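Asker: This is what each chain is made of:
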Amino acid sequence: MKTTNIESRKRIASLFLIFVALIGALFVRFFWIQVVRGDELAKQALDNRMREIPVKAKRGILYDRNGRELAISVSTDSIYVNPAEIKKAGEEEKTARELAAVLEMDEEKVLSLITSNSSFVWLKRQVDFNVSQQLKELKIDGIGFHEESRRYYPKGTLACHILGISGTDHTGLDGIDLYYEKLIGGQDGKIVIEHDAAGRQIPEAVHRYVSPTEGSDVVLTLDETIQYIVERELDKIVEARQPKAACAIVMDPKTGEILGMASRPNFDPNNYNDFPAKNRRNFAVNNAYEPGSTMKIVTASAAMEEQLVSSQDRFNCPGYIKVGGHRISCSDTVHGHQTFSEVVEHSCNVGFINLGLKMGIDTYYRYLTAFGFGAKTGIDLPGEATGIVMKESQVKQINLATMSMGQTNAVTPIQLVTAASAIANGGALMKPHLLKKVLDGDGNVQKVVEPVKAQQVISKETADELCLILEGVVLNGSGRNAAVEGYRVAGKTGTAQKVGEDGRYLKSEYVASFLGFAPADDPQLVCLVVVDAPKGYPYYGGWVAAPVFKEIISDSLRYLGVPRTVMEEKEEKTPSVAVPDVINLPIDEGIKSLQNAGLNAQVQGEGDVIWGQVPKAHASVKRGSRVVVYLSAVSEQSGQGKVTVPDLEGKSIKEVARILSQLGLHLAPDGYGLAFEQDLAAGQQVSVGSTISVKFQPLE
Amino acid sequence: MKMRKGPPDLVLFLVVFLLVAIGIIMIFSASAVTANIKYQDPFLFLRKQAIWIVLGFILMLVAMKLNYHRLRELGVAAIIISVLSLIAVLLPGIGSTVKGAARQIDLGFTSFTPSELAKLCTVIFMASSLSRNFDKIKSFTKGLLPYLLFLGVICGLIILQPDLGTTFAIAVTGFLMLAMSGARYSHLGILALVGMVLVGLAIYLEPYRMIRFIAFLDPWKYANDAGFQTIQSLYALGSGGLFGMGLGQSRQKFFYLPEQHTDFIFAILGEELGYLGVILVLGLFLIFAWRGFRIALKAPDSFGSLLAAGLTTMVMAQALINLGVVSGSLPVTGIPLPFISFGGSSLIFTLIAVGLLLNISRYVYDR
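Taken in order, these protein sequences are the chains called A and B. Numbering of the first sequence is given in the numbering used here, commencing with residue 3 and proceeding in unit increments. Numbering of the second sequence is given in the numbering used here, commencing with residue 307 and proceeding in unit increments.
Keep in mind the hints are simulated off the structure, nothing from the lab. Among these hints, one or two may not hold up.
According to the in silico footprint, chain B covers these stretches of chain A (three or more CB under 8 Å from chain B) [as the list claims (entries may be wrong)]:
1) 9-15
2) 23-29
3) 32-41
Because the structure is a prediction, the values reported are computed rather than measured. Note that CB positions come from ideal geometry on N, CA and C, so glycine has one too.
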């Protein structure tokens, strides 16, 4: 038998040493991984196993200055699936069919979602209450519900440009909701839980909870009623003159608070995707336009403050003026000899150009800047435009001349209304703002936004004198249509030719505007109305915008209870009102309706429903008059005719009552809310005077 | 000169016993979660492995008892059986395909991995043959070439499964046995180069291996796909730190680390028992190598010496490859950690090898 080979023995020993060396290397390698880099790797490993579940912060409520809700958050269910669990049940197709039917989604899309390779997939976000309820009843394994909040603007289009919009993920995308996102949106929290690789929780898992910081409720400076008045008047002018755009701003000159602001076109923030994106542009803040004559208040202020002119100084207007070889015509008429007050009242271009040339470029620009033109006002809304003011170094005499009459420079409506507020506020320019108060979680005031005085632009004396001159515009001049009965109103009209794409003035498009305030001796409200390219004639500011101003200011002053300053000699007239139609209304509703119209109801007879009224509907009577309503069933006359019973389902009591009364039918209501059942079927022929009993059920 | 039978190497036995014991504890700890979720039975792998261990130790005792010199005659027969079973596993219908590779033959009550048999038989055959041909080994054509052809056939059959890890382990073991038999360093150098080129080709020609190889070079870049296993393994080891998270406290076993009770069991061990546990196991393997080569050096004849050295090399090569993969030092390849990873065939053939080592350790010179 052979003994072992010597060389082989040596090699075996060497190999052993190689193995020793390799194991030694592994000792070092594992030391490096586990001890040197251990902490770092352990942390990464933990992060790798942690899953975050966001905890949405509650979004703050937006209130108007009187505590009325303008934007709230409502909770809705969002549906998610865990495909692993769906697959476990093994009925993917059946499940997909059921889900698709309830959620009104494409079946194949649902199938691909619920079989995707993931442990969490959103199926549909923010579904209606009844849909999630239906789904819950199906009790499908692997379907989950996540309560999410959705922003809801209960007043619809009201103040849409100001309040803004919010996205699916409940963050502000525009308006106040965007500008104060941090304040209103709060800070989302999260739950972090250690999970296994398939998304299941690990026993004894590491948990971390970061609580959300709830968003603050805020009070805006807006007054819902004034806002409503502004919206209503804009709607009217838009319907009447179909302009390209329009806006109106109502501001408190003493504080800079915006009480109402609206632009057209507008949109419903709850369904903003149904509107063109351009509708979301807030004309009042985001657009600049050449203002025309309203801008003459700046020229007048500067000239008066610099004592270049006083109200009784005489001017002569030959109908045109020549500046550096250019001939600028005044208007259709030759104004001739006039005082400075009359120059303002007539909006005489020649007069203003003379003043502008007299003060010079430096002085004009000093006041232009002091009034805030060429810079953002700092209003708390996103996307404020700066406007376009020509560089001072490039200005020539001809430019100064056109600027003095309101051309050349472009301004935003908010800049202009802020500048006018300074004149109305004794020369003190207040920073415009929308946020009034921030509330804490219990509704206590956490922070009050104090008015900020930006600058004393002109002296109080100059301002007060200019107010009187501007009052003359409304009393005697181009702004007569802005006069409000019972109040002293001051203002300035503006009719600016629009600049076309080629930089030349368009022949046929104008911006009609009116800028004014009231009462003239102690201004409470400043209002600017701008109507861009109204259709039809006349297109002048005094004809298009002044009446809108008048309606807004007159209703707002009355609403605010501002005492009338003009005591008229004639006996005070009681306003007349139209008598509402209360026939067929339940007695309570009818009386309320009459009271709302400022009338007193006198009930005769017994019963639940009003059969008749005197005076009849739509009659014009003095406010405070008495209206007699009859409850007893008066015998039906003129009952020969037959009428068809209408379908009343889904209509409100008022609507039902109106429809039935037009047909000569009587209503016996039961319940309140919307109609859902009627005893006589729709389409049936009945005689006039028949009674239909309708059941109503409340809205959710 | 006569041979005398002494007691077997008790240190070696103790080392193996400890490794197997650590193995079954770690198999249970690593597999309980997944076994419970996938098969609703946390003890599934524990039970299976326990049966293999009992069977393995019985076979180890048998291997220890018989006279190892009789293996010399069995060498050729063993190789024929190995080759036949390697061919069989490639045939559709016989080999059962798991994760795209046909590595096992389903015997009904259990499955059998022919490459594990082939590995053991290769060592026995080469030890038997080489110990007769020490004089020829310096020649390339007469000495080395026949063995290279033989290894080529075995490795070729295994790489067809495909199983690069086991192929590599057998090739390395065979190569080292040639080296231990006294082959020329120049020949060995060329062979090593050729081997590297072949491995390179095997990687280059197979896209999934190429991806794994690229991921090996920078696993963090591919942390979500090809580098996933390596990264999760490093996460586990790093989480363990010096003292470990405690037995049973692994987090990475919750579906993060694939093959957590087989090829990557050492990562879970490192996570639960820390670097101290790693030192223990590495130390045990070190002692294993020491005792194994000591047996080889003390063996009474060339066959015994080469056989002991070959078997030790076989176990150590596998262990080092596995530990290299787990520590991210080698590209990912599926090879179990001897004694510790779950798997019947691997454990049984490794324990038979240990039985043979113990067998050889009993024979000493009678001076």
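Asker: Next, verify each hint and record whether it holds.
Answerer: Status of the hints after comparison with the structure:
1. Three residues within the 8 Å Cβ limit are the bar, and the region 9-15 of chain A against chain B gives 6, so the coverage statement holds.
2. Counting residues of the region 23-29 of chain A whose CB falls under 8 Å from any CB of chain B gives 4; the rule of at least 3 is met.
3. Requiring three or more residues with a Cβ within less than 8 Å of a Cβ of chain B, the coverage given for the region 32-41 of chain A holds, as 8 such residues are present.
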